[in-house]
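Construct the entire structure; sequences and hints are all you get.
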Amino acid sequence: MAVSITLTYDIVGEVVLSDLKEHLKMARESLDDYHNRVSWLHRDDVEHQSLLIHHLKYVIEYYGGEPDE
Numbered sequence: 001m002a003v004s005i006t007l008t009y010d011i012v013g014e015v016v017l018s019d020l021k022e023h024l025k026m027a028r029e030s031l032d033d034y035h036n037r038v039s040w041l042h043r044d045d046v047e048h049q050s051l052l053i054h055h056l057k058y059v060i061e062y063y064g065g066e067p068d069e
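If you read the sequence shown in the numbering used here, its first letter stands for residue 1, the second for the next number, and so on.
It should be emphasised that the hints constitute simulated quantities derived from the structure, not laboratory data.
All C-beta atoms, glycine included, are put in the ideal place defined by N, C-alpha and C.
It is possible that part of the hints are untrue.
[Claimed, not checked] Per label pair, the in silico range of CB-to-CB distance:
{"hint": "1", "residue 1": "3", "residue 2": "55", "range": "33 to 39 angstroms"}
{"hint": "2", "residue 1": "33", "residue 2": "54", "range": "17 to 23 angstroms"}
{"hint": "3", "residue 1": "29", "residue 2": "66", "range": "14 to 20 angstroms"}
{"hint": "4", "residue 1": "28", "residue 2": "1", "range": "38 to 44 angstroms"}
{"hint": "5", "residue 1": "43", "residue 2": "10", "range": "27 to 33 angstroms"}
{"hint": "6", "residue 1": "34", "residue 2": "11", "range": "31 to 37 angstroms"}
{"hint": "7", "residue 1": "14", "residue 2": "44", "range": "17 to 23 angstroms"}
{"hint": "8", "residue 1": "42", "residue 2": "15", "range": "30 to 36 angstroms"}
{"hint": "9", "residue 1": "38", "residue 2": "7", "range": "37 to 43 angstroms"}
{"hint": "10", "residue 1": "37", "residue 2": "12", "range": "17 to 23 angstroms"}
{"hint": "11", "residue 1": "25", "residue 2": "47", "range": "30 to 36 angstroms"}
{"hint": "12", "residue 1": "5", "residue 2": "43", "range": "28 to 34 angstroms"}
Structural data, given as structure tokens:
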């Protein structure tokens, strides 16, 4: 039995935006834990997470979201 779902561009955009915000939240939490000495990150991981946060903010704004929600 085949099931088909049709999604509008608006719905897909909201799903993408929600996922991007969740990734931003996780990256921020990871860096916060590192800075508060709750967890350890390799120096390369700290740089990666910092760049990821910067770029996710840009993409979230592109999709019409607020990165600091």
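Quick rundown of the hints versus the structure:
1. 3 <-> 55: 33 to 39 angstroms: Given a distance of about 35 angstroms, which is inside 33 to 39 angstroms, the answer is holds.
2. 33 <-> 54: 17 to 23 angstroms: holds (19 angstroms)
3. 29 <-> 66: 14 to 20 angstroms: Given a distance of about 18 angstroms, which is inside 14 to 20 angstroms, the answer is holds.
4. 28 <-> 1: 38 to 44 angstroms: holds (43 angstroms)
5. 43 <-> 10: 27 to 33 angstroms: violated (41 angstroms)
6. 34 <-> 11: 31 to 37 angstroms: holds (35 angstroms)
7. 14 <-> 44: 17 to 23 angstroms: Hint violated: Cβ distance 33 angstroms, outside 17 to 23 angstroms.
8. 42 <-> 15: 30 to 36 angstroms: holds (32 angstroms)
9. 38 <-> 7: 37 to 43 angstroms: At roughly 38 angstroms between Cβ atoms, residue 7 and residue 38 fall inside 37 to 43 angstroms, so the hint holds.
10. 37 <-> 12: 17 to 23 angstroms: violated (40 angstroms)
11. 25 <-> 47: 30 to 36 angstroms: Between residue 25 and residue 47, where Cβ atoms are some 19 angstroms apart, the hint is violated.
12. 5 <-> 43: 28 to 34 angstroms: For residue 5 and residue 43 the Cβ distance comes to about 44 angstroms; the hint is violated.
Checked against the numbered hints listed earlier, the structure breaks hints 5, 7, 10, 11, 12; every other hint is satisfied.
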